[in-house]
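S.K.: Listed here are the chains, written in short residue letters.
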Amino acid sequence: MAVMILAMLLIGIGMAASVSERYRVLVSIHRPLGIAILILVVVRLVNRLFNPAPSLPATMSVLERFGAKGSHVLLYILMALLPLVGWGMLSAARYPIVLFGGLHLPPILPHNLSLYSGLRQLHTVLAFLLLATFITHFGAALFHGLVRRDGVLESMAPSLRNILQSAHRDRQSHE
Amino acid sequence: MIRVHEILSNLAVRWALIGCALLCAIILFGSVGGWWSPQRLTQDRMAAAFLQVNGPHPGFRLNHAKGVCVTGWFDSTGEAIAVSKAAVFQVGKVPVVGRFSLAGGMPFQVDKPTAVRALALQFRPAGAQEWRTGTLNIPVFAVNSARGFYDQLLATAPDPKTGKPDPAKMTAFLGAHPETAKALSIITKRSISSGFFDSTFNGLNAFRFVNSAGASVPVRWSFLPIASLPTEPIPQSTPADENYLFDALVAQIKRHPLQWRLMITVAEPDDPTDDATRPWPNERRQIDAGTVTIDQVASEDGSSCTGINFDPLVLPNGIEASDDPLLSARSSVYARSFTIRAGQVHEKPPSAVDRRAVQSGTTP
Chain A
0 MAVMILAMLL
10 IGIGMAASVS
20 ERYRVLVSIH
30 RPLGIAILIL
40 VVVRLVNRLF
50 NPAPSLPATM
60 SVLERFGAKG
70 SHVLLYILMA
80 LLPLVGWGML
90 SAARYPIVLF
100 GGLHLPPILP
110 HNLSLYSGLR
120 QLHTVLAFLL
130 LATFITHFGA
140 ALFHGLVRRD
150 GVLESMAPSL
160 RNILQSAHRD
170 RQSHE
Chain B
0 MIRVHEILSN
10 LAVRWALIGC
20 ALLCAIILFG
30 SVGGWWSPQR
40 LTQDRMAAAF
50 LQVNGPHPGF
60 RLNHAKGVCV
70 TGWFDSTGEA
80 IAVSKAAVFQ
90 VGKVPVVGRF
100 SLAGGMPFQV
110 DKPTAVRALA
120 LQFRPAGAQE
130 WRTGTLNIPV
140 FAVNSARGFY
150 DQLLATAPDP
160 KTGKPDPAKM
170 TAFLGAHPET
180 AKALSIITKR
190 SISSGFFDST
200 FNGLNAFRFV
210 NSAGASVPVR
220 WSFLPIASLP
230 TEPIPQSTPA
240 DENYLFDALV
250 AQIKRHPLQW
260 RLMITVAEPD
270 DPTDDATRPW
280 PNERRQIDAG
290 TVTIDQVASE
300 DGSSCTGINF
310 DPLVLPNGIE
320 ASDDPLLSAR
330 SSVYARSFTI
340 RAGQVHEKPP
350 SAVDRRAVQS
360 GTTP
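Chains as they are written, first to last, in numbering that gives the first Met the number 0: chain A, 0 to 174; chain B, 0 to 363.
Bear in mind the hints are in silico, worked out from the structure with no lab data behind them.
Ideal Cβ positions, reconstructed from N, Cα and C, are used throughout, including at glycine.
Do not rely on the hints blindly, as some may be mistaken.
[Claimed, not checked] Derived pair list, reagent style SDA-like, types lysine to any residue, alpha-carbon separation capped at 20 Å:
#1 B:181 / B:171
#2 B:347 / A:113
#3 B:111 / B:47
#4 B:347 / A:111
#5 B:181 / B:191
#6 B:188 / B:113
#7 B:111 / B:191
#8 B:111 / B:241
#9 B:163 / B:55
#10 B:347 / A:114
#11 B:347 / A:110
#12 A:68 / A:134
#13 B:163 / B:53
#14 B:347 / A:117
#15 B:163 / B:105
[Said to hold, decoys possible] Some residues of chain A that are not near chain B, with every Cβ distance over 12 Å (derived):
#16 25
#17 41
#18 46
#19 51
#20 61
Build out the structure end to end from the sequences listed, making use of the hints.
M.R.: Encoded structure:
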């Protein structure tokens, strides 16, 4: 999902700047990928209701805990809100919301240019906020994995667990 | 592996690694967004060129700024079903919303016979996918790329000293774009009809039609006027009137519907699909897809077509983009123009052909 969001942010920034052939390709990926992320966010939120987040190490300060929890709440809000605002702004502009070939989504807002304009600006602001949160999240993950080495990165990305643990063992055997 | 871990045991190296990763992420985003390449054509730079050439006109389209809204319907003959599965080509009647306009970003430009006329249409089949298209009364387009369009726009910009385009810039532009020089020789030789009602509007860009069997063919399309319709003398205002083309159009539509035949031209294998400056040979297969009838006209102010971006890539299943680079260029810049004007709705002054002009249009 992190890869999808990273791809989405890159595609979004790329297509808003492009006038080349790339534009058409990027737009055709951006719309279905955004809806896919919206669906996955809902699945994740339901999952989170039944499976609480892994606990944070005791070494983290109150402020760090607040930052970690707060950035997660912000990430979830942005991940859900960006596709909804995107869908809403296309609706207000009466662009067809094409997923694949014959599959279109219905508009969710009335045809209104001022409404479109407001949502279009909101989409950009939220996207850059998500980009900033994403980069901070990425930096914090690396900080936990490389500087603190407190197991937080492993809980964020379980696939890294084996690599990081073997590195950890290796380091201890050398010290 | 051991060496890597030895290096990683140094705290400074680990911090540096984090810094590098974050910097890389920012550089990646910046390069995708064109932040570090000022030469790259972006939507912002294209929009800025329009503003530079035409000045600010809040609430109006960046190009084709002067126009009127129309509505009507399309009667499909069903003959295009053989090449396209698009719902719009099924036998029957489809409502259309359209806009007649003049090329250029000046919303109050004076109508001139040589001004390039345009017809944009949105076909809205009930319960099926819509189709939007923009067409011009010229036989080929003057440029074949986004760069060509941008360079032409700047080359035709009025010089701040003389108020007229600098001929030296135009010569330099044509030297760098021989395709435009060739296209202009075709465009300037065209015969110009008296008004919108008897103009042939050509799609110019190539698209691909896909039929229900999955077969795909390159096509272009045109709207040919059925100009035999007016049986009474057409009220013609003199070209001295600044809106003479639009005033005549309004008066004609109010008297009787105007009609165009939608002709689809099917390409042969060697016909260029990626170059709108090159015509296809005249003897190509033509399909009579149906007739567009326009029976209502309204000022842009608060009317149906104003909220529509006639994006050439809003296509139904059965019509696809070709490899013509102008399609992406038009779609992206139209989208930017639409976004800009949507934010200026409340600043927009009445259009040149305002409500009063349309209301009093029966007696120009």
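S.K.: Each of the hints needs a verdict: does it hold here or not?
M.R.: Tested hints:
1. Restraint check for residue 181 (chain B) and residue 171 (chain B): satisfied, since their Cα atoms lie roughly 15 Å apart, inside the 20 Å limit.
2. Pair hint residue 347 (chain B) plus residue 113 (chain A) holds up; C-alpha atoms about 12 Å apart against a cutoff of 20 Å.
3. As the CA atoms of residue 111 (chain B) and residue 47 (chain B) are separated by approximately 26 Å, the hinted pair breaks the 20 Å bound.
4. Using a Cα cut-off of 20 Å, the hinted pair residue 347 (chain B) and residue 111 (chain A) holds, with the two alpha carbons roughly 15 Å apart.
5. For the hint pairing residue 181 (chain B) with residue 191 (chain B), the CA-to-CA distance comes to about 19 Å; that is within 20 Å, so the pair holds.
6. As the CA atoms of residue 188 (chain B) and residue 113 (chain B) are separated by approximately 11 Å, the hinted pair is consistent with the 20 Å bound.
7. As the CA atoms of residue 111 (chain B) and residue 191 (chain B) are separated by approximately 11 Å, the hinted pair is consistent with the 20 Å bound.
8. Between residue 111 (chain B) and residue 241 (chain B) the CA atoms are separated by roughly 8 Å; this keeps the pair inside 20 Å, and the hint holds.
9. For the hint linking residue 163 (chain B) to residue 55 (chain B), the alpha-carbon distance of about 18 Å falls within 20 Å, and the restraint holds.
10. Taking the CA atoms of residue 347 (chain B) and residue 114 (chain A), the gap is about 16 Å. The hint holds against a cut of 20 Å.
11. Among the hinted pairs, residue 347 (chain B) with residue 110 (chain A) is consistent with the structure: their alpha-carbon atoms are about 18 Å apart, no more than 20 Å.
12. Using a Cα cut-off of 20 Å, the hinted pair residue 68 (chain A) and residue 134 (chain A) holds, with the two alpha carbons roughly 16 Å apart.
13. Our distance criterion of 20 Å between C-alpha atoms is met by residue 163 (chain B) and residue 53 (chain B), whose separation comes to about 12 Å.
14. This hinted pair checks out: residue 347 (chain B) and residue 117 (chain A) have alpha carbons roughly 17 Å apart, not beyond 20 Å.
15. Only pairs whose Cα atoms come within 20 Å are accepted, and residue 163 (chain B) paired with residue 105 (chain B) is accepted, the gap being roughly 15 Å.
16. For residue 25 (chain A), the requirement that its beta carbon stay farther than 12 Å from each beta carbon of chain B is not met, with the minimum near 9 Å.
17. For residue 41 (chain A), the requirement that its beta carbon stay farther than 12 Å from each beta carbon of chain B is met, with the minimum near 27 Å.
18. For residue 46 (chain A), the non-interface assignment is confirmed: its Cβ lies about 27 Å from the closest Cβ of chain B, beyond the 12 Å cut-off.
19. For residue 51 (chain A), the non-interface assignment is confirmed: its Cβ lies about 28 Å from the closest Cβ of chain B, beyond the 12 Å cut-off.
20. Under the 12 Å C-beta cut-off, the non-interface status given to residue 61 (chain A) relative to chain B holds; the minimum distance is some 23 Å.
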